[in-house]
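Participant: Here's the letter readout for the chains.
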Amino acid sequence: MSADIVLELPNDLRAIERAVEYLLARCSEAGFDCDRVGLKLRVGVTEALSNAMLYGNARDPRKRVLVEATVAAESVTVRVTDEGHGFDPDSLPDPTLPGNLSRPGGRGIYLIRTLMDRVEFNERGNSITMVLHREPSGAEARSWPQ
Amino acid sequence: MSFAVNRQNDVIIIDVEGQLIVGNRQELKEKVLQELEGGGRKFLIDFARTGYIDSSGLGVLVSLSKKIREQGGELRLANLNEDLRTLFELTKLDTLFQISKSRDEALSSF
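Just so you know, the sequences run in chain order A and B. The first sequence lines up with residues 1 to 146 when you count with the numbering used here. The second sequence lines up with residues 1001 to 1110 when you count with the numbering used here.
Think of the hints as simulated: they come from the structure by calculation, not from any bench. Don't take every hint at face value.
Stated by the list, open to error - Negatives, chain A to chain B, calculated, CB over 12 Å:
no., residue
1, Leu7
2, Phe87
3, Asp90
4, Pro95
To be verified - With beta-carbon atoms standing in for the labels, derived distance ranges:
no., chain 1, residue 1, chain 2, residue 2, range
5, B, Ser1002, A, Phe121, 35 to 43 Å
6, A, Pro93, B, Arg1007, 45 to 53 Å
7, B, Lys1101, A, Asp88, 48 to 56 Å
8, B, Gly1039, A, Pro61, 16 to 24 Å
9, B, Lys1067, A, Gly99, 16 to 24 Å
10, B, Gly1072, A, Glu29, 30 to 38 Å
11, B, Glu1105, A, Glu123, 27 to 35 Å
12, A, Glu123, B, Gly1072, 20 to 28 Å
What the hints assert, rightly or not - Here chain B is said to cover these stretches of chain A; the calculated rule only asks that three of the stretch's residues, wherever they fall, bring their Cβ under 8 Å from a Cβ of chain B:
no., region
13, 13-26
14, 47-60
15, 99-105
16, 116-122
These numbers come from a predicted model, not from an experiment. Every residue gets a Cβ at the ideal spot worked out from N, C-alpha and C, and that includes glycine.
Taking the hints into account, I'd like the entire structure generated from these sequences.
Facilitator: Next comes the structure, spelled out in structure tokens:
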């Protein structure tokens, strides 16, 4: 991925908000409708970064998280990579099933998958790539709650 | 980002200012559990001044709801903005919580 923006973050939860605000500002400068992408991008990047820091890097302050982003005419792509061993994203239970609703965790990846237009993991499972299109997709019109 | 705790009659009201996220969820949890241990049973968390809740914040609300119910108490949420309401709907947590449009509506629902 040839990225316009590369951020190497410390494994510190306090770094998340600043990184998110920076990416949102860059999208706004590029003419993205912040009302449409604001929540989605915030959720996607925030959840990916907190997963990377808490689980991937296991809160280890010596580790780093790499953020690579490209803001193009039609879409924004963000890749978040940690130094962990990775995980199997297909092993996660659906947090919206009645039996899982009262579980405190397990909603981060679900929200990313629900709100971003495309989500991919590398084979190792320590890197997530998220794509958000400028215009609403057909799938979004069907899935967005009324 | 902060949490202001106030009482109105027997209802403990917590105002969440800023964000409820992975970095401060523990603070909210400790404040509510402290009140629960002190005998409080009616809780209202007001999000009128909250911009964002991440999945960790949603998780702590789920956890607190369970602990409050285990002690025979009740938890109400109020004043979710459009983005926050969307997050509750996407995760179906709107079916788990009693969510009021305003503080007054929530207070009168106890």
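Participant: Evaluate each hint against the coordinates.
Facilitator: Consistency of the hints with the structure:
1. Leu7: Label holds. Min Cβ-Cβ 18 Å, cutoff 12 Å.
2. Phe87: 15 Å, holds
3. Asp90: Holds: least Cβ distance 18 Å, greater than 12 Å.
4. Pro95: The assertion about Pro95(A) is violated, with a minimum of 6 Å to chain B.
5. Ser1002(B) <-> Phe121(A): 35 to 43 Å: 36 Å, holds
6. Pro93(A) <-> Arg1007(B): 45 to 53 Å: 39 Å, violated
7. Lys1101(B) <-> Asp88(A): 48 to 56 Å: 41 Å, violated
8. Gly1039(B) <-> Pro61(A): 16 to 24 Å: Distance hint for Gly1039(B), Pro61(A) is violated at roughly 39 Å.
9. Lys1067(B) <-> Gly99(A): 16 to 24 Å: 19 Å, holds
10. Gly1072(B) <-> Glu29(A): 30 to 38 Å: The hint (30 to 38 Å, Cβ to Cβ) is violated, given that Gly1072(B) and Glu29(A) are roughly 53 Å apart.
11. Glu1105(B) <-> Glu123(A): 27 to 35 Å: 50 Å, violated
12. Glu123(A) <-> Gly1072(B): 20 to 28 Å: 50 Å, violated
13. 13-26: Three-residue rule met by the region 13-26 of chain A, so holds; n is 4.
14. 47-60: Satisfied; 3 residues make the cut.
15. 99-105: It holds: at least three residues are needed, and the region 99-105 of chain A offers 5 whose Cβ sits within less than 8 Å of chain B.
16. 116-122: violated (count 0)
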